[in-house]
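A.B. asks: Chains as they are written, first to last, in our numbering: chain X, 19 to 981; chain A, 142 to 430.
Don't read these hints as lab results, they were simulated from the structure.
One should not assume that every hint holds.
[Claimed, not checked] Here are the simulated DSSO-like cross-link-like pairs (lysine-lysine), alpha carbons at most 30 Å apart as the crow flies:
(1) Lys110(X) with Lys202(A)
(2) Lys202(A) with Lys174(X)
(3) Lys209(X) with Lys174(X)
(4) Lys826(X) with Lys364(X)
(5) Lys503(X) with Lys367(X)
(6) Lys127(X) with Lys174(X)
(7) Lys146(A) with Lys110(X)
(8) Lys110(X) with Lys152(A)
(9) Lys622(X) with Lys209(X)
(10) Lys110(X) with Lys174(X)
(11) Lys696(X) with Lys684(X)
(12) Lys974(X) with Lys662(X)
(13) Lys69(X) with Lys146(A)
(14) Lys662(X) with Lys980(X)
(15) Lys127(X) with Lys69(X)
[Unchecked claim] Here chain A is said to cover these stretches of chain X; the calculated rule only asks that three of the stretch's residues, wherever they fall, bring their Cβ under 8 Å from a Cβ of chain A:
(16) 103 to 115
(17) 627 to 636
Using N, Cα and C, we set each Cβ at its ideal position, and we do this for glycine too.
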Amino acid sequence: MNEGMLAACRHEEAFYRGTMERQPQISLTVNGQLYQLPAVPGETLADLLRKRLRLTGTKIGCNEAECGACTVVVDGEPVLSCTYPAQRADGKTVLTIEGLAERGDEGVKLHPLQEAFVEHGAVQCGFCIPGQIMTSHALLQRNPEPSSDEIRRALKDTLCRCAGYPSIESAIQAAAHTLRTGEPLPPPDVKESGDGHRVIGHSHIRPDAIQKVTGEAIFTDDLVFEGMLHARVKRAGVPHAILRKLDVEQARALPGVVAVLTAEDLPGVHNHGLIVPDWPIMVGVGERVRYVGDALAIVAAESEAAAAAALDLMTAEFEELPVVSNPVQARRPDAPVLHESGNLLKHIKVRKGDLEAGFAAADVILEHTFHTPTTDHAFLEPECSVAVPTEDGRMEVYVGSQIPYSDRQQVADALGWPHERVHIVGQLMGGGFGGKEDIAGQIHAALLANATGRPVKLLFDRHESLIVHPKRHATRIRVKLGATKDGRLTAVETELYGDSGAYASLGEKVMGRATTHSVGPYEIPDARSDCYAMYTNNPPAGAFRGFGVTQSAFAVESMMDMLAETLDMDPVALRRKNALRIGSTTSTGQELRESVGLLECIDKVEAEVRRLIKQDEASHRPQGGPDSVQSIFAPRPVPGAPHKRRAWGFSAAFKNTGLGGGADDKAGAEVHLFPDGKLEVRTSSAELGQGLVTVLQMIVAEELGAPLSQVNVLVMDTDLTPDGGPTTASRQTYVTGNAARLAAQSLRQAIASTLAEKYDQPPEQIIFADGTVRVGGRSLPLAEVYAAMHSEGRQSYAVYEYRAPATKPLGQGGDMHFAFAFAAQAAEVEVNTLTGEVRVLRIVAANDVGQAVNPLGLKGQIEGGVMMGLGNALTEQFIVEDGYVVTDRLARYRIPSIVQTPEIIPIVVEHPTSEGPYGAKGIGEIVSIPTTPAITNAIYNAVGVRVDSLPVDQEKILQAIKA
Amino acid sequence: MNLWKQYLCPKNVSDALHALTSAPPPVSIIAGGTDLMLDLQQGHRAPVHTLVDVTDVSEMKALEIRGDELYVGAAVPINRVVASPLVQEHAQALVEAGSLIGGPQVRNVATLGGNVAHALPAADGMIALVALDARAVVANPDGERRVPLLDLFLGPGKSALQPDELLVGFCLPLRAPHQASAFERIMRTQGVALPILNLALWLARDDDRIADVRIAVGPFGPTPRRALAAEDVLRGQPLTGAVLAQALDALLGEARFRTSAYRATADYRRHLAGVLLQDVLQTAWQRAE
Ligand SMILES: Cc1cc2nc3c(=O)[nH]c(=O)nc-3n(C[C@H](O)[C@H](O)[C@H](O)COP(=O)(O)OP(=O)(O)OC[C@H]3O[C@@H](n4cnc5c(N)ncnc54)[C@H](O)[C@@H]3O)c2cc1C
Ligand code: FES
Ligand code: FES
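Bound conformation, chain X alone (with noise of 0.2 Å):
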């Protein structure tokens, strides 16, 4: 044995002669602490400081060196604490998310990046920003004054799903500003809402800002428990058979396991699902298989790695059956049948006007066919629940889930119990875009928490997310459009094939919205739509954000630009020409009553292109030139860069507001008023990185004139709010919105009378303001009035159940929908006719959101949908072959990073809706909507080639260049 070596290793010599004195140990020193620990064998950096130390604010994201989330600075280098063993960090320094800020008596005072994050908006569900601040605080160490360039360069591999990208540059900017100078921090630069509101139409910060910025937010994978078992859930791993027998006896005999279950030990209900219950908790022996990701058995054990090597001693036979790899195969005849029902999921029909009459009016017709892609939400936190069995003999469920009364049904029902006993405790939620409203681990982390009567917690790997969870529906959508010479739309006609995949989740309602906005936002004599939402063998399809309508409106658009050549027309023209104004009937038979600003998102959005267009050409040509008169669509070439060709692209949208369709569509909040002043308001709906709990913190404000900070948000909780129904279809400002702010209306009238009688005043006189009520000369504090309504035996909080109004089923004509917001947007592509790469330089946005609620909120909104738009043209394509996943790591499905980021120009239109809070609508879905065809556009525009499949590939653009 070599001395040197033994001294050079001291890890090692216990192992390394045999003799087991020592256990290797590591010394770290963590945000100034120092540590003494054990070495345990196989730990990463992230698991020693989340499961040791319990400084969870280092996120995980992917587990795979892809994301970002686990960064932390090791020695005063940004690392991926994912991949970075623990014993290698011996002797080295180590800062985290939790050492930034400075703790002293006074409280926490944030580092000036964690306040410039916060103060820019930067912060939306919070998942990524500790590994972009600690990415960001390690480039700022080193160059104090970074340009945009090396920003976006460093933290190129720091993926944020909700987008903020420009929030995120500017607050490092303004930051490093700070750190430079001192000076206080340079604020955002956002444009307040034109409104005469005190609170509505400002830019406020998230209540759980702060927390995310420093790493006390709690998601759900950081709580533990008390005897927490860990679960795992065997998979199929084959697209379509019969399950013929499966053994887990080794693997209940594993030492570890507490408890292993199948189909067979289910105690209630054996499928799930949000409207049609076709999707089993598990598969039994017996039974279908109908995809990769379907659920065999599950085992809950003492630790993750006896749960993860149980499911490697399970053995499954199958009796494997052809597979439906596309919906069009499974419309055919002989395609194997899926389920009972049959293959189709649902034919979903609009019908206006005479078709053919239509058509025969028409002097151009033109028909073409489009194909969009499954695509995954990959929000950046995977799914986590964790069930905890109460004393009392109920169910607490910790998840981060976008329908939690959904979720309480669906657990109850699993576990055969009445809903009440059920209680989903939600949790911060690092992004849902729509994936998190079918059931995940819930049922199954209860059912062993019931077996085994201790807390369990079930974590998908970003591996089993990407398998498991409904993705966006691949579609094939066929549009035929015809128009007079002079560009006014005569007839259109579409037919969608959606890829529902294997089980219904919300695909019927996803492919509705398809179908009903698949004619774009025009008015049309004459219209008819058909759409076939197929089972197959891929993983199911479901929400997500844009509802279907992100792939119609990509086939339509598309359509649009082509009319457009055909009749050597503006594209902006034709638009605005057909585009639904007030007065005007939607396909389905809607007439537009009020707040239509799409002709406003046109022309903001043109001038501004044509503004953008005068700015190049002065600071490229000096002396002016001549003015250009080519449209603002021409192609132009690039100084320098003969290779390369840029141009603008253009495309409008729509999207409903609401459930519609006849949903009773309704939310119910509470707002209660308590003893030390403070305000509360209460409703089971989501907050995902939205925003929704500033919202409802901001309305609650306004309406009782109390300061922001006097008003907590209490969220996703079934036991302690009321029921808000689900967070999809951007309908929770609207009609979540309006409960607390009808129940805001209610408190301040009952607190008014109250008060009104006391002081012998009329209750109009009576003035909410500054966190006081005025009365009769007196200013009495929230705390005041408490004690006033108590004593006179006055309830101190109001419940609303707010209805929004009624709406008619498709088929039916009338108002299918009780709001829509309108959109349009340009995007300026640069394309390299070498090889045929597509950069996104500039993209100007406008959406008619009715009122601007949070103008801050509002721009990570915007940046974020258009950033989802924009992966969706370019990035974005989850793969299946023949019902296998190939897109199963994040390393092969690519999100849009920093460095993809255009220039985003935001433009807020509000046509105030009569019946929104203040007049708002939705806007979770419409701001990213239009950027996919606006890109696509440009692409033509620019080398005069046409996508009709997305993503855009590259090589097929250089062949149709060369061709």
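Fit chain A with the ligands to the given chain X structure using the hints.
C.D. replies: Same frame as chain X, but now just chain A with the ligands:
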């Protein structure tokens, strides 16, 4: 199952070699771990008993001029490699290639040793090293030897290094006047984002002629190779369109481009090879002025 049981951190080459040969097997070297950790975590590689962390081996951390060579330790993190004025002076292609590897967090730990030992046919750092005519310093219990880089590869992902062998560092010729190198790569941001093709080139310029040239393209075939036929065409010639076209023909004649699903067809790669060759050649040519 733990991915490893024992973690050793030798400080010098002989201790590292000793660990490789005498620690309980299976033993694996770990440098940055950016390839290895994923292989272990994702089950592409069976758990090991011992990981030998070589990032603290002093000889492998060195980066300096040694005589008429630039020595780059195999375990120097790539961020340090690309930030080094010596590397910037003598090996521009390596700077350009290294800067494109992963993001900063990956580059802070990833190493050239790992990039070469992982033996993928298009690893960026490796391709640059090939064009720069690097020799690898390989140590095993019998001693140290210098090996041309291209001798280290057996097939895609298969290195010729023996389990008891260690890549200690790389020796690169110093750049003389009128010599230069450059690197470029083309990625696919659409869909499965993976590099499609890269190309590194070194040349010596004699006025308006290419006195000498070395070209490495990845992936060129199952194992890395130089584009020798193209080099022959270019050597001694002025840089004209006709010469370039001939060189490209030669390069395409010797390349074995493949179609990889969701990434690129062989045809696209052939086309891009032309784009890259022209670009990189031009850059190096100007630099060598
Ligand atoms: C997000 C991400 C992006 C990436 N992008 C790129 C990219 O753009 N271009 C690119 O080329 N690569 C890329 N890689 C791959 C990887 O980072 C590089 O190949 C890196 O250089 C590997 O070095 P390492 O030190 O991390 O190797 P390790 O993972 O530590 O080791 C890799 C292999 O080499 C062996 N090995 C390591 N050092 C030695 C040595 N000195 N002697 C003998 N054997 C040794 C190990 O045993 C192992 O088998 C990326 C990886 C990630 C995670
Ligand atoms: S969790 Fe480490 S990079 Fe994603
Ligand atoms: S805030 Fe970045 S992922 Fe949500």
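A.B. asks: Could you run down the list of hints and mark each one as holding or not?
C.D. replies: Results of checking the hints against the structure:
1. The suggested pairing of Lys110(X) with Lys202(A) holds, with an alpha-carbon distance near 17 Å, which does not exceed 30 Å.
2. About 26 Å separates the Cα atoms of Lys202(A) and Lys174(X), which keeps this hinted pair within 30 Å; it holds.
3. Among the hinted pairs, Lys209(X) with Lys174(X) is consistent with the structure: their alpha-carbon atoms are about 28 Å apart, no more than 30 Å.
4. For the hint linking Lys826(X) to Lys364(X), the alpha-carbon distance of about 18 Å falls within 30 Å, and the restraint holds.
5. A distance of roughly 29 Å separates the Cα atoms of Lys503(X) and Lys367(X); the hinted pair therefore holds under the 30 Å criterion.
6. Taken as a hint, the Lys127(X) and Lys174(X) pair is honoured in the structure, with Cα atoms around 29 Å apart against an allowance of 30 Å.
7. About 21 Å separates the Cα atoms of Lys146(A) and Lys110(X), which keeps this hinted pair within 30 Å; it holds.
8. Distance hint between Lys110(X) and Lys152(A) is fulfilled; the C-alpha atoms sit about 16 Å from each other, no more than 30 Å.
9. For the given pair, Lys622(X) sits about 16 Å from Lys209(X) by alpha-carbon distance, which is consistent with the 30 Å threshold.
10. Our distance criterion of 30 Å between C-alpha atoms is met by Lys110(X) and Lys174(X), whose separation comes to about 25 Å.
11. The suggested pairing of Lys696(X) with Lys684(X) holds, with an alpha-carbon distance near 27 Å, which does not exceed 30 Å.
12. The straight-line distance between the Cα atoms of Lys974(X) and Lys662(X) is roughly 16 Å, inside the 30 Å bound, and the hint therefore holds.
13. The hinted pair formed by Lys69(X) and Lys146(A) meets the criterion: a straight-line CA distance of about 19 Å does not exceed 30 Å.
14. In summary, the hint linking Lys662(X) to Lys980(X) is supported, as the alpha carbons are separated by about 14 Å, within the 30 Å threshold.
15. Restraint check for Lys127(X) and Lys69(X): the C-alpha separation of about 26 Å stays at or below 30 Å, so the hint holds.
16. Judged by the Cβ-Cβ criterion of 8 Å, the stretch 103 to 115 of chain X is covered by chain A as claimed, because 4 of its residues qualify and three suffice.
17. By the rule of at least three residues with a Cβ nearer than 8 Å to a Cβ of chain A, the coverage given for the stretch 627 to 636 of chain X is violated, with 0 such residues.
Of the hints listed earlier, the one the structure fails to meet is number 17.
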